[in-house]
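Input sequences plus hints: build the corresponding full structure.
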Amino acid sequence: MLYDIFIDPFVQMYDMPDFFLQVLWEGFVAGILYALIALGFVLIFKASGVFNFAQGIMVVFAGLTLVGLNENGVPAYLALALTIGAMGILAYGVERVVMRPLVNQPDIILLMATIGLTYFLIGFGEFVFGGEPKQMITEELGLPTGSTAIEFGDRGLVILQHIDIAAAVIAVLMVAALGIFFNKTRIGRALRAVADDHQAALSVGISLNQIWAIVWFAAGLVALATGIMWGARSDVSFALEIVAFKALPVLILGGFTSIPGAIVGGLIIGFGEKIGELYWGGLVGGGIESWLAYIIALIFLLFRPQGLFGERIIERV
Amino acid sequence: AAQAEDSNYVPLLTYRTGPFAASGIHIANGMHDYLKMLNERDGGIGGVKLELEECETGYNAQKGVECYEATKGKGALVYNPYSTGITLQLIPKAGVDKIPVLSMGYGLSAAAVGSVFPWVFNVPDTYWDGASVVIKYIGEQEGGLDNLKGKKIGYIFLDAGYGREPIPLLEQLSEKYGFELMQYPVGVKEMQNQSSQWLNVRRDRPDYMVMWGWGAMNPTAIKEAVKIRFPMDKFIGVWWSAGDDDAAAGGDGAKGYKAMNFSGVGSDFPALDDIKKHVVDAGLSSTDAETIGGTLYNRGVLNSVIIAEGIRTAQELTGKKVITGEDMRMGLEALNLDEARLKELGLSGFAHPMKVTCDDHAGSHPVFIQEWDGSQWRQASGWIEPMTDVVRPLLEAAAAEYAEKNAPWPARTEPCPN
Amino acid sequence: MNAFATEMSAEPASVAEAVPREELLRVDNVSLSFGGVKAITDISFDILKGEIRAIIGPNGAGKTSMLNVINGFYHPQQGTITWQGKERRKMKPYEAASQGIARTFQNVALFKGMTTLDNIMSGRSLKMHRNFFWQLIWRGPAEREEIEHRKKVEEIIDFLEIQAIRKTPVGRLPYGLQKRVELGRALAMEPDLLLLDEPMAGMNLEEKEDMSRFIIDVNQEFGTTIALIEHDMGVVMDLSDRVVVLDYGKKIADGPPEDVQANQNVIDAYLGVSH
Amino acid sequence: MALQDLDQSSSDSVTEAAETILSVNNIEVIYDHVILVLKGVSLTVPKGGIVALLGANGAGKTTTLKAVSNLLSAERGEVTKGTILFDSDEVQALSPNELVRRGCIQVMEGRHCFGHLSIEENLLTGAYTRKDGHAAVKADLEMVYNYFPRLRERRQSQAGYTSGGEQQMCAIGRALMSRPKMILLDEPSMGLAPQLVEEIFEIVRQLNEKEGVSFLLAEQNTNVALKYATYGYILESGRIVLDGDAKALRENEDVKEFYLGVGGEGRRSFRNVKHYKRRKRWLA
Amino acid sequence: MFYREAGQFKTSYKADQALMPILQDRVGLLVILAIAFVVIPVFANDFFLTSIMIPFLVFSLAAIGLNVLTGFCGQLSLGTGAFMGVGAYAAYKLTTIFPDANVIVMVLLSGVFSAAIGAIFGLPSLRIKGLYLAVTTLAAQFFLEWCFIRIGWLYNYNASGAIEIPHREAFGLVVSGAEATPIVRYFIVLCITAGIAFLMANVLRGRIGRSWMMIRDMDIAAELMGIRPLQTKLLAFAVSSYICGVAGAMMVFFWLNAAEPSSYSIALSFQILFMVILGGLGSLGGAFMGAAFIWILPVFLKFIPGTIGIDVAAETVEHVTFMIVGALIIFFLIVEPHGFARLWQIAKQKLRVWPFPY
Ligand SMILES: Nc1ncnc2c1ncn2[C@@H]1O[C@H](COP(=O)(O)OP(=O)(O)OP(=O)(O)O)[C@@H](O)[C@H]1O
Ligand SMILES: Nc1ncnc2c1ncn2[C@@H]1O[C@H](COP(=O)(O)OP(=O)(O)OP(=O)(O)O)[C@@H](O)[C@H]1O
Ligand SMILES: [Mg+2]
Ligand SMILES: [Mg+2]
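Residue numbers (this note's numbering), protein chains in the order written: chain A, 3 to 319; chain B, 211 to 628; chain C, 6 to 280; chain D, 25 to 308; chain E, 17 to 374.
Hints were generated in silico from the structure; no laboratory data involved.
Glycine included, every Cβ here is placed at the ideal spot set by N, Cα and C.
Treat the hints with caution; some may be incorrect.
[Stated by the list, open to error] Heads up, incomplete: computed chain D residues facing chain C, CB under 7 Å, no partners named:
{"hint": "1", "residue": "Gly82"}
{"hint": "2", "residue": "Pro173"}
{"hint": "3", "residue": "Arg179"}
{"hint": "4", "residue": "Gln180"}
{"hint": "5", "residue": "Gly184"}
{"hint": "6", "residue": "Gly189"}
{"hint": "7", "residue": "Glu211"}
{"hint": "8", "residue": "Gly215"}
{"hint": "9", "residue": "Gln244"}
{"hint": "10", "residue": "Ser293"}
{"hint": "11", "residue": "Phe294"}
Structure below.
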């Protein structure tokens with residue numbers, strides 16, 4: 003028993019290095035994908051202190067719009083442009099109808115409102131696109147689809163999917179762009195101000211409406227990227243909404259307000275989960291992935307209650 | 211029940227929403243369209259129209275019960291829950307409310323034992339039948355069941371009642387034939403995120419993979435299998451992992467993927483033409499003509515064929531036009547869908563002839579294997595008989611255990627029509 | 006009835022100096038820093054039983070931090086605190102409460118979702134003991150206990166003259182009343198030492214006068230020792246027995262109000278020219 | 025109405041003497057649809073004036089200021105009657121950020137600093153609406169630091185951890201960063217050391233004289249407020265009960281008695297306050 | 017005008033502390049109880065009982081449970097579903113291990129197990145707060161769900177992986193299993209829910225309820241006033257989980273009759289959370305109102321087209337229902353973020369001053 007827990011997994015890693023590398027790669031890819039979802043959450047949380055539960059459905063929605071337009075004969079790139087437009091409209095609508103009337107309300111109320119939004123979008127999305135899963139138009143968008151196998155002589159091989167590599171590149175670019183946008187511009191500061199205190203932000207002349215429309219739009223773009231990447235891995239369907247839960251531990255681990263936190267958190271969870279499942283999961287019958295991420299996050303939290311990169315929780319009287 | 215005097219009421223618990231909509235929609239369309247076609251073409255069954263009502267369950271047990279409660283008072287003849295969870299909830303109610311449950315090829319395997327479960331039907335096969343067919347087929351590929359010794363067979367399944375159901379039988383067979391069974395559960399939340407499972411597969415290198423998936427799990431699994439370059443011809447799914455969309459998701463790489471099936475492949479049947487003519491082209495269906503002939507669509511059609519034949523048989527047995535749930539139960543129990551009848555229905559070759567007896571509500575009918583050729587399914591084997599000798603005793607034991615656990619489980623009092 | 010306010014002493018506090026008083030709390034060489042910020046540097050002073058001890062100093066001098074050290078919310082890096090003759094090491098805030106230290110807060114820290122009555126009742130938490138089972142049943146012991154404490158609380162309510170807002174959720178009260186409720190809540194704990202952090206900030210003269218009266222009454226009627234932070238020099242001069250002055254975390258003066266007021270260091274650092 | 029004559033003459037002189045920058049006409053404010061807080065308040069602030077709004081706790085000072093800066097909706101309050109004109113524009117039609125852009129900014133009661141931002145970042149958010157370039161903002165930042173040297177020392181600290189007084193300075197400094205034409209100051213002196221209170225009011229005076237900034241200040245510290253203000257209003261239970269020139273108010277017996285604490289024989293001692301229910305004559 | 021406390025003076029603290037000091041409220045409650053205990057059983061049909069009233073009561077109880085934790089003690093929990101599941105599985109094990117014991121007792125006892133589990137998962141709440149705490153409860157949710165699937169012992173190794181409720185009798189009536197009549201099940205659920213609601217009302221108005229609210233409103237101040245944060249939070253976790261556990265057990269015993277692990281999934285946690293928030297955090301009455309809204313509204317929406325004779329496809333109804341429910345959630349939050357309970361209070365206040373606007 004002890005052997006199985008403490009020694010055997012490492013022996014395995016050593017014995018099958020190609021496999022271990024593959025596991026790491028899968029962990030990396032999963033991490034990047036989780037990070038993409040988490041990124042959407044972070045943007046909105048950072049800007050308003052709102053935990054946007056609807057991010058998951060926005061991913062589905064963006065993906066479905068893209069594919070749905072394409073199915074109806076719109077060329078891929080035009081469909082992409084139109085989808086971006088649709089995310090803009092969504093952002094504006096959310097700001098107008100949900101956020102604006104709820105300014106200065108407690109976080110939990112805003113969380114609840116985004117859940118209401120989720121319901122609405124599920125109904126609306128299925129109403130428009132139907133519940134059938136759709137296939138992502140990966141090739142039409144010019145994304146690579148093949149795979150490369152790197153061989154290690156006779157020690158086996160590691161298979162890298164090109165789409166996964168593309169996902170990693172896109173994620174990194176997105177993080178960089180968003181990071182620059184939010185940290186180097188005055189908007190970045192304003193965002194954090196809004197998250198701290200809506201009313202005070204209003205009082206110094208920060209336009210909440212404008213800020214919110216911007217971040218919801220940014221979150222919409224992230225959702226679209228996420229939708230394309232996840233869609234390429236499986237399908238674009240409403241079941242995809244569930245993967246949004248995977249973003250929670252990532253988010254919490256990284257800290258709700260940190261863009262790099264989302265990436266680092268994603269990677270920790272991605273690696274931890276895959277290694278845990280593959281080398282230790284078998285001991286308890288497998289499938290521990292469903293909760294391992296939360297336990298990993300929980301352990302980190304016990305040492306840093308605000309997450310790895312989160313802002314300190316202010317306790318002062 | 212105080213329902214209209216001139217129609218037979220058939221509620222359809224379907225799901226076109228939720229995480230399993232991907233599979234559920236085709237089933238729902240097939241079920242609905244065939245019955246609707248009977249209404250349009252023949253004016254119903256035995257001269258009495260069918261009153262159809264869909265109730266959306268979203269594959270959710272709570273909503274399923276709600277649908278059941280809402281419709282049972284309207285004189286429902288039979289329930290097709292299309293979810294193992296909902297089926298389990300309805301099984302004990304069926305006898306009390308006197309409405310049979312038809313779980314065609316899913317649900318509780320033990321319900322095949324008619325003496326214990328007079329109100330539940332799972333023609334044409336139970337999951338255990340299915341599992342035994344898969345093993346038998348793999349044995350054939352390997353040149354005999356004896357050659358299975360020392361082989362590794364992987365079993366990837368939806369980690370819910372549905373996917374776990376075949377495990378006892380597989381375990382028994384693994385003991386009997388000496389192959390190693392490796393399990394890869396996929397949580398409902400992990401359906402679209404199976405890379406760990408497939409990494410495990412890659413490490414364990416099983417000789418064959420068997421899949422018990424549903425909804426979004428299927429296409430994801432096929433994609434992942436392609437990704438790790440698992441030989442697709444050694445990857446066999448249950449009949450619920452046999453959707454056209456499921457396989458198509460894997461692209462070219464999915465060529466060679468196999469699945470069990472017990473309902474017709476393709477749309478080349480007169481009855482399906484009638485559906486197209488009377489229902490789809492008339493704008494009475496929510497699907498378009500292309501999906502007719504898809505595996506899951508046809509499955510839905512077969513389900514409705516059984517319902518319709520059950521009603522017809524009941525009408526014959528009782529001499530009534532408008533029947534009740536109790537009559538329906540008798541009708542189903544006396545169901546005999548032979549070759550001649552299939553031909554009459556315009557469905558010759560659409561399914562293996564089926565017969566239900568009071569003792570055996572599943573019938574352990576033969577199943578065939580189909581193969582994906584990159585754009586559509588084609589039949590890849592003849593009809594394979596399940597290993598009834600292994601399955602039946604297991605079913606009986608399970609039924610006895612169920613009755614014991616749910617004691618006092620009512621003894622069968624319903625007369626046997628045949 | 007108003008148990009405290011009936012007998013109102015009109016004479017100035019001269020009694021105070023007459024009896025030599027016992028030491029209630031002593032702070033020795035306490036230093037506290039946050040990262041690079043030295044909030045408190047090597048401060049020592051004492052608080053005698055029954056006195057009103059004022060702590061003053063410019064903004065950010067470390068006054069609030071000092072109170073936080075006293076009731077265990079901050080743990081100083083150096084120095085000791087002696088409470089009723091016993092030296093204390095790291096202590097949890099709730100232990101301070103059970104030893105008889107109560108306080109009010111600079112940024113009102115009321116329980117916003119509760120009514121005034123409940124807020125003050127919450128001050129009695131430590132004195133109520135009926136367990137979960139009795140609470141479930143309510144009738145009988147739990148109810149009797151509740152009523153018994155409610156009586157005490159009503160006395161405090163009468164004393165502070167906040168009868169009218171008894172059932173109002175405190176979140177909606179104006180700032181000044183919130184401060185008053187907060188005082189009531191601290192009083193309900195029947196503490197030995199009461200720490201008041203700027204109890205009169207944001208009040209107008211009339212309200213300050215009321216508040217002063219409450220503080221004096223509490224001090225004289227209950228004999229409660231009071232440590233008071235306040236920026237209104239009028240109040241400090243009139244109420245306190247002794248004043249300690251902090252500046253940038255250091256103690257720059259300590260003594261009777263008149264002396265402190267005349268101290269040039271204090272004038273430079275804190276009072277400014279006009280006083 | 026004891027002061028009828030006085031406020032008649034003085035208010036006339038004020039309104040006629042200068043252009044008004046802000047006028048509040050007979051407004052009513054209701055919170056939560058049921059709590060009526062302001063019952064017809066009117067006041068005017070002349071361009072370049074310093075107007076004090078005095079009154080007991082809960083009188084509605086904060087509410088009035090929030091109505092002016094259009095922040096009530098964030099508290100589920102609304103102006104149900106009357107109009108507010110800033111620079112002859114209807115305030116209710118402008119968004120809060122538009123108001124700031126036009127030069128009307130509020131320093132909120134109870135500090136409201138952005139806790140997670142550093143002091144410097146807090147100050148910079150004040151310049152959010154400005155479009156006149158980095159250099160100008162930088163210069164103003166220097167100016168604020170010169171007003172409040174303490175802030176310069178703590179510029180990198182998270183505002184949430186600074187002391188109450190430091191936060192108050194930060195909030196005032198932040199408002200200055202927007203280069204306003206008019207500042208609504210809600211209890212600026214609260215929690216500040218006496219020396220600093222004087223300093224802040226000196227700053228107010230400087231800004232007023234040098235830059236022509238107008239002020240509407242809600243204050244409890246009547247003494248100081250009336251020393252620096254040109255005109256004052258006294259608000260009780262949602263109604264203006266008294267208004268007049270600051271000087272005249274300082275001389276008023278009631279104001280002396282209830283707000284300034286000076287009786288005939290000079291300052292009263294807090295120790296000797298008698299316990300009796302006082303009644304304000306104008307409420308009679 | 018009609019709703020007035022004028023003239024109703026309290027002469028003792030006892031009367032003032034009563035649950036409902038105002039006469040009209042007491043009358044209102046009596047009317048509701050009369051409807052619940054007399055009118056509904058007499059007039060309601062099976063569908064109304066089994067698909068509306070029973071689930072409504074079960075959810076109300078669960079919402080009370082979550083409300084204790086989130087609404088009163090301020091600890092956000094997303095693990096309600098799993099805690100309900102613990103109750104359900106515990107009750108199932110208890111009734112199968114002791115086949116002769118009274119199921120109602122077993123159901124009440126099952127809460128003890130979920131209380132223990134809840135308290136364990138409450139331990140990190142000492143350090144972790146707010147949304148971050150949600151991760152602990154989510155860990156509980158997913159871990160427990162996994163246990164329900166993986167630990168065969170919990171469901172007596174049924175091949176289906178589900179728990180199926182056996183036939184049991186008590187007081188000479190069939191109380192569980194398929195033969196239990198809706199009316200019997202309704203009465204059991206009603207009594208348990210009303211009983212627990214009453215007991216909780218007692219706890220919440222006393223010292224313990226106050227200490228929870230202190231932690232909720234300002235934990236630092238509470239601690240400085242002598243509240244031990246860990247004990248207090250753990251008690252809240254335990255009590256809340258107990259109630260949720262009982263609700264979960266009732267859900268399977270008196271409503272669904274069989275349950276798969278997915279019956280206690282995260283979706284259930286969210287459903288209960290909606291009820292609590294829409295009903296009003298920190299209000300017992302709100303828990304009922306929230307449950308009514310979230311459960312009954314979709315059921316009605318679903319059957320409206322059928323009853324008024326429009327033929328709409330089932331899935332369209334579902335989609336539109338989703339949209340309407342989503343829109344209504346947002347709408348009500350905008351109208352009154354503090355939930356129906358507050359809305360009700362405001363309505364009362366308006367009644368009080370009626371016919372004047374304020
Ligand atoms: N958000 C709110 N909801 C309901 N009532 C409110 C709200 N804000 C303030 N009030 C009420 O409005 C009245 C006026 O409050 P306001 O804050 O304007 O007074 P103030 O004169 O600024 O008092 P203070 O000097 O204490 O700051 C008070 O009685 C208060 O209870
Ligand atoms: N938890 C903390 N983390 C970092 N710095 C802190 C913390 N608490 C206090 N400080 C710093 O310590 C110094 C003293 O703060 P404190 O609150 O004690 O001042 P104060 O004397 O009460 O001032 P004021 O009169 O303005 O309230 C301040 O500079 C403050 O920024
Ligand atoms: Mg302080
Ligand atoms: Mg105010």
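Against the structure, the hints:
For glycine 82 (chain D), the suggested interface contact is upheld, since its CB lies about 3 Å from the closest CB of chain C, less than 7 Å. The criterion of a C-beta within 7 Å of any C-beta in chain C is not met by proline 173 (chain D), whose closest approach is roughly 11 Å, and the hint is violated. The restraint placing arginine 179 (chain D) at the interface with chain C is violated, with a minimum CB-CB distance near 12 Å, outside the 7 Å limit. A least Cβ separation of about 9 Å between glutamine 180 (chain D) and chain C goes past the 7 Å threshold, and the interface hint is therefore violated.
The interface hint given for glycine 184 (chain D) is broken, as the beta carbon of that residue sits about 11 Å from the closest beta carbon of chain C, more than 7 Å. Proximity of glycine 189 (chain D) to chain C holds as hinted, the smallest CB-CB distance being about 2 Å (cut-off 7 Å). Interface hint status for glutamate 211 (chain D): upheld, as the beta-carbon distance to the closest one in chain C is roughly 6 Å, under 7 Å. Among the interface hints, the one on glycine 215 (chain D) holds; its C-beta lies about 5 Å from the nearest C-beta in chain C, closer than the 7 Å criterion.
The beta carbon of glutamine 244 (chain D) is positioned within 7 Å of a beta carbon in chain C (closest approach about 4 Å), and the interface hint is therefore held. The closest approach between the C-beta of serine 293 (chain D) and any C-beta of chain C is roughly 5 Å, which is under the 7 Å cut-off, so the hint is satisfied. For phenylalanine 294 (chain D), the shortest C-beta to C-beta distance to chain C is roughly 4 Å, which falls under 7 Å, so the interface hint holds.
Checked against the numbered hints above, the structure breaks hints 2, 3, 4 and 5 and satisfies the rest.
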